[in-house]
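Hints are included, so try docking the two chains, each in its own frame, into the full complex.
Protein chains in written order, with the numbering used here: chain A, 1 to 1010; chain B, 1 to 178.
Accuracy of the hints is not assured; some may be wrong.
As the list claims (entries may be wrong) - One-sided excerpt, in silico: chain A residues whose CB lies under 7 Å from chain B:
| id | residue |
| --- | --- |
| 1 | Leu39 |
| 2 | Ile40 |
| 3 | Ser45 |
| 4 | Pro51 |
Source of the hints: derived by calculation from the structure; they are not laboratory data. Backbone N, C-alpha and C fix where the C-beta goes; we use that ideal spot for every residue, glycine too.
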Amino acid sequence: MSSDSKTTGVKRRDFLKVIGAGTAVAASIGCTSEKVEKLIPYLVSPDETVPGVSTYYASTCRDCSASCGIIAETRDGRVIKLEGNPLHPLNRGALCARGQASLQGLYNPDRYRGPMVRRGGKLVHTTWDEALKVFGQKLAENRANAQNAVFINRHESGNFPSFLNTWLAGMGMPTALSIDPDADYAAIAANKQAYGVAWPKLEFGAAKLIVSFGADFLDGWGSSVSQQLDFADARARIETAPRLIYIGPRRSLTGLNADQWINARSGSELAIVHMLGGGGTVSPEQAAQESGVDVAILTALKAEFDAAKPSMVLAGGNTPRGMELCLAAFNVNSGTGAVGTTITSTGAVNGFEGIDSPAQLRVVAQNMQAGKVPLLMVRNVNPAYGMMKSSGFANAMAKVAFKVSFSSIPDETTAMADLVLPDNHFLESWGDAEPVRGTLSLQQPAMDPVFDTRATADVLIAVARAAGQGTFAAGSNDYRNVMVSRYPGGAAALADALPRGIASGTTTALAPRAAPAPVAAEGAAPGSYALIVYPHPVIGMGAGANKPWLQELPDPVTKIAWQTVAEMHPTTATKLGVQNGDHVLVQTSAGKLSLPTYVYIGIRPDTIAVAAGRGHADAAGRYARSGSNAFDLLPYAEDRSGAIMLSAGAQVTKDGGSTRLATTEGSARQHGRGIGQAVTVAELLAGKTGEGVTEHVSEGEVELPGDASHAFLPGLRSPTANDAQGELGGPPLKSKEKGMYSPDHWSGMAKRRWAMTVDLARCTGCSACVTACYAENNIPTVGADWQGAKVLPDRTGFGANITRSREMAWLRLERYYEGGEDGGADFNTRFVPMMCQHCGNAPCEPVCPVYATYHSPDGLNVQVYNRCVGTRYCSNNCPYKVRYFNWFGYGEPNRSQYAFPEPLNWQLNPDVTVRGKGVMEKCSFCVQRIRETENRAALEHRGVEPDEFTTACAEACPSRAITFGNAADEKWTVAGMVNDRRAYHVFEELNTYTAVVYLKKVIHPAGGQA
Amino acid sequence: MKTKRKWLAVPGFLALAAAAAMLSAYAGASSSEGNAPAQPVAFPHSLHAGGNMKINCVYCHFSATKSPDPGLPAVGTCMGCHTVVATDRPEVKKLAAFWNKKEPVPWVRIHKLPEYVHFPHMRHVNAGVACQTCHGDIQNMKQVYQQNSLNMGWCINCHVGRSNPPLKARYDCAVCHY
Chain A
1 MSSDSKTTGV KRRDFLKVIG AGTAVAASIG CTSEKVEKLI PYLVSPDETV
51 PGVSTYYAST CRDCSASCGI IAETRDGRVI KLEGNPLHPL NRGALCARGQ
101 ASLQGLYNPD RYRGPMVRRG GKLVHTTWDE ALKVFGQKLA ENRANAQNAV
151 FINRHESGNF PSFLNTWLAG MGMPTALSID PDADYAAIAA NKQAYGVAWP
201 KLEFGAAKLI VSFGADFLDG WGSSVSQQLD FADARARIET APRLIYIGPR
251 RSLTGLNADQ WINARSGSEL AIVHMLGGGG TVSPEQAAQE SGVDVAILTA
301 LKAEFDAAKP SMVLAGGNTP RGMELCLAAF NVNSGTGAVG TTITSTGAVN
351 GFEGIDSPAQ LRVVAQNMQA GKVPLLMVRN VNPAYGMMKS SGFANAMAKV
401 AFKVSFSSIP DETTAMADLV LPDNHFLESW GDAEPVRGTL SLQQPAMDPV
451 FDTRATADVL IAVARAAGQG TFAAGSNDYR NVMVSRYPGG AAALADALPR
501 GIASGTTTAL APRAAPAPVA AEGAAPGSYA LIVYPHPVIG MGAGANKPWL
551 QELPDPVTKI AWQTVAEMHP TTATKLGVQN GDHVLVQTSA GKLSLPTYVY
601 IGIRPDTIAV AAGRGHADAA GRYARSGSNA FDLLPYAEDR SGAIMLSAGA
651 QVTKDGGSTR LATTEGSARQ HGRGIGQAVT VAELLAGKTG EGVTEHVSEG
701 EVELPGDASH AFLPGLRSPT ANDAQGELGG PPLKSKEKGM YSPDHWSGMA
751 KRRWAMTVDL ARCTGCSACV TACYAENNIP TVGADWQGAK VLPDRTGFGA
801 NITRSREMAW LRLERYYEGG EDGGADFNTR FVPMMCQHCG NAPCEPVCPV
851 YATYHSPDGL NVQVYNRCVG TRYCSNNCPY KVRYFNWFGY GEPNRSQYAF
901 PEPLNWQLNP DVTVRGKGVM EKCSFCVQRI RETENRAALE HRGVEPDEFT
951 TACAEACPSR AITFGNAADE KWTVAGMVND RRAYHVFEEL NTYTAVVYLK
1001 KVIHPAGGQA
Chain B
1 MKTKRKWLAV PGFLALAAAA AMLSAYAGAS SSEGNAPAQP VAFPHSLHAG
51 GNMKINCVYC HFSATKSPDP GLPAVGTCMG CHTVVATDRP EVKKLAAFWN
101 KKEPVPWVRI HKLPEYVHFP HMRHVNAGVA CQTCHGDIQN MKQVYQQNSL
151 NMGWCINCHV GRSNPPLKAR YDCAVCHY
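In isolation and in its complexed conformation, chain B is listed as follows (with noise of 0.2 Å):
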């Protein structure tokens, strides 16, 4: 009996294995592509950053070209114009809401990279890197989700010039990872 279960064991815990390897190499694992959460107010970037308005990135994400933080609009900004635009839709309500009680909107984080990485967006931006080319087609975007997967993989690959058009970065670990 006891040899049996052992040669049960093996081929199990190789199976065991191999399901763990395939799952996380093609599932996924460890990237949030697609997250697509629900925000506290359903700001649509389709309205703002496409459509009519093409309003410039920077206006809002005011830091990108200057700082390794790409900057979170204030809700004082969204104000700048709602406290007279579009005042009668519920979501800008909401909004309103929140700045009438003097509290910020409690926005649910999408692209997040681990606090091991330290991604300096000014120095993408200011290569010519657009920001669709890391955070997807964010101009028709009516809810904002993860398109890319943003595993190291994913950005080494414009890193060693294999993006279109071909851009060069360095590629040195300690680039990124301190």
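Pulled out of the complex, with its shape left as it was, chain A reads as follows (with noise of 0.2 Å):
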């Protein structure tokens, strides 16, 4: 981490205004195919950059309410990766798939180059000058009547908010609503209420039995780095790890890490919760009757809570009737003595404090329908998408006299505006944000603004400053003086803090305004089937859907990506007659949808899952169009708490159609090939491996000498191929013929063993890894829909580049399920991060007519992408399919099929080369980090230490699933690791010597425990 500047009177900003040094192609010369290329120098040197070596900078990541630290790292005045803070509270050094595609919202190339203004209806450029005019001419006019204005911001914590309504109150407005569509609003509501803060912490590792009502605690419900972190470190207890049950009618992401699902019917929840206690008095065959589930399991279930203490029982709003659901089970922890043990509010997520009721978007949709909003506002919510039509949002909109729009990104409101003063990212601006209460995340900007915007906070002051308002006299000129003015210490202490990042501190709380009466809900429209729309695990609400990263990560249980399906039991695609990919009409009393079929097993036989967050309106950008929008379909309701209900009664039937669904999946089941494997609790404790792959050699077959399946080879073997052969080998090779193979040659690389271990009992199948694999490996995205050609009719639009198994991810998330093929509900799932495994022994190696993949002598598998001319001979031969070959010029800015446009392409690490067109490539064990590592080491005349760097994998993931290191040097942590008793390769019949170890995933059986 470097530092920031002291504040010298230049701002950072200031500094790096200067012109990067960068290249330019201007023409070519002669019959030489090279290009005349230009050198530009600075104008000024910044004096703390380096060229070609990264500057970090610690921020906060403002893409959900839970605030993580992280640190971006910059080369030459661009950021172009994003890691988490270790310092920070709560995510501790790791960041999700949302966090690490944040850059991709600073980059997207939809984003609005500056402000605009409508004109003749139509949204043109203007100047800021020009845009500041019109807007202080507007807030003018409607003096009057201002305390009719509506103020809609995204919810956040810090000194911002509080600031916009100092400023709303000077103009005679009424405070700003806070709202964040992707928080559990019934879950808040509840929280608040019961326990006294808006989202408590979960400490997983106090409790023994978790049992979670729709409760997606990994899926992006509440804080989920945070909660990911704690749920892993408890699970990696393996003996006394909790155990998790998962009930409700689909399994979501939260659900599949669970040991046991009890497939509860849609809203039969409560009935359970009442069943375990909390005062309530439903027998178990009352409970069953309800919900549809056999009594047996409802009565082991309250046995096993009964006597599992200390316990946790958590509810998700997003069920029917969420917030008594949340109330019910906090009475049943209250009972058990869980609150203050498992459930605590001492360093509780303080990011979901002060929001406001989705509700109060209903209302100011009424007023604005009655022609009482003379002037909206809307700051990175978008209310036209998020408030389904059936909210009449959109429509009361256009009612409005004027609207202004601070979002940067185009959206669907945002297209409804009538003045667009676009805001920084949170890249480019400052704030701060009180993820937990006493303690700053602190917020800097790490580049110059990437297009002509400004911060909504400085935009605001010069507004008021024009109006003569008092409040935003001399010295408090921008926003970043108002940040000194609120820290305690000033501009020195907040230039001590800003390097780390967080520091201690509070700020003022929001007061969420009462929460309306919710409109009437309850009672469903009738339908033969529920109907569950569930926020995407990565796109979320929508507000996702514009980075093509989360559209083209596959969804953690579907593993669909950028398409909108109707997940169904194999069952009820039976009975409706559909297969994988066959249209269904969803039809609910708000409106219809033909959807492709997905069949899961997960999900009830009288359930339809639909995901929200795509089908974005062509306003929204190039990439949210992708998909179908799920909101078309529910009927707007409220719950108690006045959040927006996300199920409804459905009717199903079978459509025309069919369109080839984009699926990274190849099988979902493991044909006994042990890729996934698990060892139950029991097993562990009685000192047995588990299981293993099941096929044997067969009648007739070789078995070879030293076969891995004879016996469990521990750890790693030699890198070169020659040893892994054992006897069935060459002759040895002398010492002088194996080069830097040889352990005596000077380059000591072979005394280096790269290696990898995946724990799969920590790894919940997140995709963290996924994203910020391709964050830091250039990789590009293929699913957009002019990313294709156009040949056949159902292989077209987005995602049909993957549904041709063009998919790039160098880090793949493979889910297999065990058991439940005989229709049984209860299943078990693995979730395996398959990339390259750089086998000691590799089968794409020999293969390569051209030398291009080989073994370097410290255990990397290796592409030289200069040598590979195409052959795909590696691919064909790659037992774990993990090398992936470039059928289009992803990487070549002239190609329709370009993947990085303008300024995408500014996120591109200089450290990886982009792939030209008919290249192979895969994961490289981050090849240019171990380079970067030995060069600094060299630099400071020393060796790497151990544990110095990692992958940028093993550096995200919010499970700390992975490791990796030097597996031949006892001091790294990776060369303990790959001696687990629960390590394992995959494939090791091959005779591959994989470096890449998996450590078992560790099952616990109801009464396993004891």
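The following block contains the structure:
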């Protein structure tokens, strides 16, 4: 971490304003193919950066309300990668997929280039002077009616909300609505009432049994990174790990991580909570009657729950009657003594405090409809999409005389605005957040604004000063000064704290408005199926849809990218006569959608599930158009808290047509191959290793001496193929012939063995590693509808390339089901992050005709792009299928398939080659990080320290499942982990001697812990 | 007629292939060796790095010892001297014009490795490889040109210890190509 500039009069922003040293292609000379490039120097060298060496700025991620700490890596004035801030109390160095992808919000090609004003019915570019003048005029015009103006702000903690309310008060306007469309408002309202805090700390480690009623704490419910860290830590304790039971009609990612799934009918959760206690008087028989679950399962649940102390009951508010359910869960928790032990208000997530009820938006819509709202201001919220059509918000908004948007990325709401004053991205602006009460997470610009945008706070100050408003007199001419003035200790203390990114301190708590009386909800329209709309694990309620990394990331559960599907149980699909991809017509009282079928065993036969977040209007940018908008199916209804209900009754019929699913899944079953292996706790305690490969050498096949299926080979084998083949290899080479492969070689490379362990007991399948890998390794996204050839009618549109298996993810998350084939409800899931295994005896290497892939002495399976001629033999011969071929010129700007339209290409990692067409690529174990560390060590005249660096996937992982390092040196953590009792190699019977070692998942069966 | 054509086509194709092979091998088709483009300001390295001044290379190329990137002097660095030194010379006037317009000088790049090659300057400089080893007799060049081919074989020659004096370095592909 390098320091921010000491505030010596020069703003850091100013000295980043010098022109970055870069190269620009100008023209070609002569007959050589080389282009004339220009070397553009700085005008004045910035004194804290070294060209070619990264500078790091600590800041705060604002893509969800939790406000995790980030470290922004910048190179020559551009942010190229985000990592978690290890000092931050919530994310402790990890970062989720959404946080990683916030870079694509910064460099989004659809961002507004500058202020826009509506002229002749269209938004046209204007200057800031002009835009501010128009804004000032409108504020003055509406001065008399100012108390009816509405400002809708994206909910955030920190100093900005109170600053904004001061400004609004000065303008005679009511306080801003603080809205977070992704937050589970019913749970927050219930938490506030029950625990006294908006989001209590969940001490997974203190619990023996966790029962979740649709509380998807690994899917982005609440502060998902901190919850995932705590959950993974608790589960990694193996013998004393808590057992997780998930109850609900659909298995979410959290549900797939559960040891047991009880498939209760949608809306029946309350009966089961009442059965568990909390003064409820529901018997298991009654609960079974209501939930459609076998009474024996519920009786066993009750017995197990009564015996397990301490326990934890969590409830999600997105279930019907969410707030009642959450309050009932609290009653159970206070009955068992869980409140204060497993669920505590100390260390609570502060980011959700002060949030306003979504029902406030409905009230705004009613007022707008009645013509009472003269002026609407919106900042980073998209109610025209998030408030479903049936709420009438968008239609009502059209009646507002003047609409101002501060959002910098176009969306449905901004498209209706009369004036757009684009805000800076959070990586371009000053600010702070309060993630935990008493701790500030500081936000500083890591780079100059990409476009002609301005921080909203600065715009508000400018307008207020122009209007002669005294609150913003001299000394607070920009928001940074406001921040300094509010910071204890002032400028010097702030400059001191910025490199750490966190500081102690507190901000004014927001006072949310009293929630309006909810509109009649209950009694969902009858239908033969229960429709559940759930927030997409990474796209959320729609905010992530304009980021190609998040669109391309296969949903951790369904493995579907770019598309919106209707999930249904196999028996439902049989009944409707549809298969994967066949369209079904889902109809509710609000509307209908024709969606491709996705057959999922983790859903009740009477339930249909659709992910929210996709299917935006064209105005929301080129990527957000993909898929369908599930909100179109929801009749507007609120629960008791004012949260919008995400379920309804639906009719489902077979529809014409079929779409090939953009899935990265080959098979959902392992077919005995032992890819994701598991062991039960009891077996581990008995000293057994659990399951392995179930297919045995059949009759007539030769059993190879040293075959790994005979005896598990702990740790890692020698890197040379010759050694790995044992007596089947050629005669042993002499030291001289081995060259750098000899341990005696002066370079010492053969004394290293880069290796990785993946602990499946920790891995939750969240896929943050996948997005981190995209960011680090310049991996192109291929699923946009203009990136594929339009040949087959069922293979066009978004995801077409993925239907052809052309996705480029070097690291993919495989998801396999065990059990449940017989139609039984419960099954077990294995998540396996699968990347190049860097085999010691790699099948890809001998088949390459041009020596483009080979084994390095330090244990890497290397792909040399400039040697590769694209025969794809290596991919054919790879048993792990982790090699990816560039079918098109995804890295070439002049091609339509270009994956990094300006300015997305600003994010590209300069240390990694952007691959051209016809080249094979794959996981490199982040070789650029290995070289960078070696170079740094050499500069400091030392060797590489144990655990000095790690790969991008391991660094981001919010479950700490991935460990990377030098397995040949016992001082590295990984060297110990490869010999863990749970260690295994995938396909070890193939004698590939992989450098990636998996640690078996641990299963906690009911009653198996004693 | 048809058979005749076929017989002509085979040796013709072979000749073409041979010519292509010769060209790529000997004509330096993949190298810009000898390239000496005109620069927007005719900066004489011979005067600054050689001659009487003998300014240390890293005075201007300031990050060559600490970064993969050698560092290109900012216009401000040039103006550090040239606000007072030799302000009457036509080329210095050109430089001052850039400075006054607050525009960087668009130097034409000469030494360029392909994007798939990673060349860490600091590792070489700190290992005692002189700048001249790769960049040639730069202190005597009035106009800079590319003296060496900078092709892979040329690099490897040193890495395997055939330079004079012999220097050794790793020559594994993934040391430079990733």
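Hints versus structure:
1. Leu39: This interface hint holds because 4 Å falls under the 7 Å limit.
2. Ile40: Nearest chain B Cβ about 5 Å off; hint holds.
3. Ser45: 4 Å, holds
4. Pro51: 4 Å, holds
In summary, the structure agrees with every hint in the numbered list given earlier.
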